Amino acid sequence: GESVGLHLPTLSVQEGDNSIINCAYSNSASDYFIWYKQESGKGPQFIIDIRSNMDKRQGQRVTVLLNKTVKHLSLQIAATQPGDSAVYFCAENGSQAGTALIFGKGTTLSVSS
Amino acid sequence: DAGVIQSPRHEVTEMGQEVTLRCKPISGHNSLFWYRQTMMRGLELLIYFNNNVPIDDSGMPEDRFSAKMPNASFSTLKIQPSEPRDSAVYFCASSLIGGRSYGYTFGSGTRLTVV
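So the protein lines, in turn, are chains H and Z.
Residue numbers for the first sequence follow our numbering, beginning at 32 and rising by one.
Residue numbers for the second sequence follow our numbering, beginning at 6 and rising by one.
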C-alpha cells in the first residue's frame, strides 16, 4: 500500500553545514511530492515541491532531489542556520488529483551554533 | 490573507464532554483537510472535503468523530463524547486543487487535552 517514510528520525548538524534529509516512498504511481517544515507549536509550512517529471528542483537554500528508480526523495539545505531547526516531513500524493497527501513520520533537524 | 484560522488554540476538557474545533480556510481554496498529530502516529488524515463535500472520511477514528463544512469558509470537527486517547493536536489545512500543484496551507492547530 501507500506509505511514506523517513530514513532517520533525527539529524544534528553544525551551523553552516549542509543538511540532507531523506525520504522513501513506496507508491510508484505517486507523481507529486512536497517537503514541509514544522516548528515547535506551529503547523507544517510548505517548503518546496516536485513533480515526478523532474529529478531536481531548487529553491532558496533548499534543493529537492527525486530518484524514481529507487523511490527516494531528499531535501538538501545549504548553509544550515539555527532557524532551520524543526521537524521536516515529506508528503506524497498519488497520480489522482484531489486525493489527500500522505505524510511521513518526520525527521527532527537540530542545528547547533 | 490571514491564512487558515483555527480555534480554539488550546482546549482542555473532561472525558465525556463534547468538543468542537473550528476552521476557516483560505478564501478561494476549494479543498479542506482535517489532520490529527500525535508523537506515536504522526500526521493522520481524518477527513477531507472538496467544494464543501466530504470525499474521504475513512480516517475518522469512530462514530464519536464528525465533521461538517456548511459553506466554503467554515468547517467544524466535533468529538462527542471525548476520551483521553483523543488528546492530540488537530490541524486544518486548505488547498486549491485544480492544477497539479496543490501544496496545503496549514493552520496553527488546536491542542486538545482530554482529562
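There could be a bad hint or two in this list.
Claimed, not checked - Covered stretches of chain H (in silico footprint by chain Z; criterion: 3 or more residues with CB under 8 Å from a CB of chain Z, positions within the stretch not fixed):
no. : region
1   : 102 to 116
2   : 131 to 141
Unchecked claim - Label pairs and their in silico Cβ distance ranges:
no. : chain 1 : residue 1 : chain 2 : residue 2 : range
3   : Z       : 12        : H       : 139       : 47 to 53 Å
4   : Z       : 45        : H       : 49        : 40 to 46 Å
5   : H       : 98        : Z       : 75        : 30 to 36 Å
Unchecked claim - List time: in silico BS3-like cross-link candidates among lysine-lysine, alpha-carbon distance up to 25 Å:
no. : chain 1 : residue 1 : chain 2 : residue 2
6   : Z       : 83        : H       : 73
7   : H       : 136       : H       : 73
8   : H       : 99        : H       : 73
9   : Z       : 29        : H       : 102
10  : H       : 73        : Z       : 29
11  : H       : 102       : H       : 73
Think of the hints as simulated: they come from the structure by calculation, not from any bench.
All figures in this text were calculated on a predicted structure; none of them were measured in a lab.
All residues carry an ideal CB built from backbone N, CA and C; glycine is no exception.
These are the hints, each one checked on the structure:
For the region 102 to 116 of chain H, the stated coverage by chain Z is violated: 0 residues have a C-beta nearer than 8 Å to a C-beta of that chain, whereas at least 3 were required. Under the rule that three or more residues need a Cβ within less than 8 Å of chain Z, the assignment of the region 131 to 141 of chain H holds, with 7 such residues. Look at residue 12(Z) against residue 139(H): about 28 Å separates their beta carbons, and that is not inside 47 to 53 Å. Range check, residue 45(Z) to residue 49(H): about 31 Å between beta-carbon atoms, so the 40 to 46 Å window is missed.
The given range of 30 to 36 Å is broken by residue 98(H) and residue 75(Z), whose C-beta atoms sit roughly 44 Å from each other. At roughly 22 Å between alpha-carbon atoms, residue 83(Z) and residue 73(H) fall within 25 Å of each other, so this suggested pair holds. Among the hinted pairs, residue 136(H) with residue 73(H) is consistent with the structure: their alpha-carbon atoms are about 16 Å apart, no more than 25 Å. Restraint check for residue 99(H) and residue 73(H): the C-alpha separation of about 31 Å exceeds 25 Å, so the hint is violated.
In summary, the hint linking residue 29(Z) to residue 102(H) is not supported, as the alpha carbons are separated by about 36 Å, beyond the 25 Å threshold. With a C-alpha separation of about 16 Å, the suggested pairing of residue 73(H) with residue 29(Z) holds against the 25 Å cut-off. The suggested pairing of residue 102(H) with residue 73(H) is violated, with an alpha-carbon distance near 29 Å, which exceeds 25 Å.
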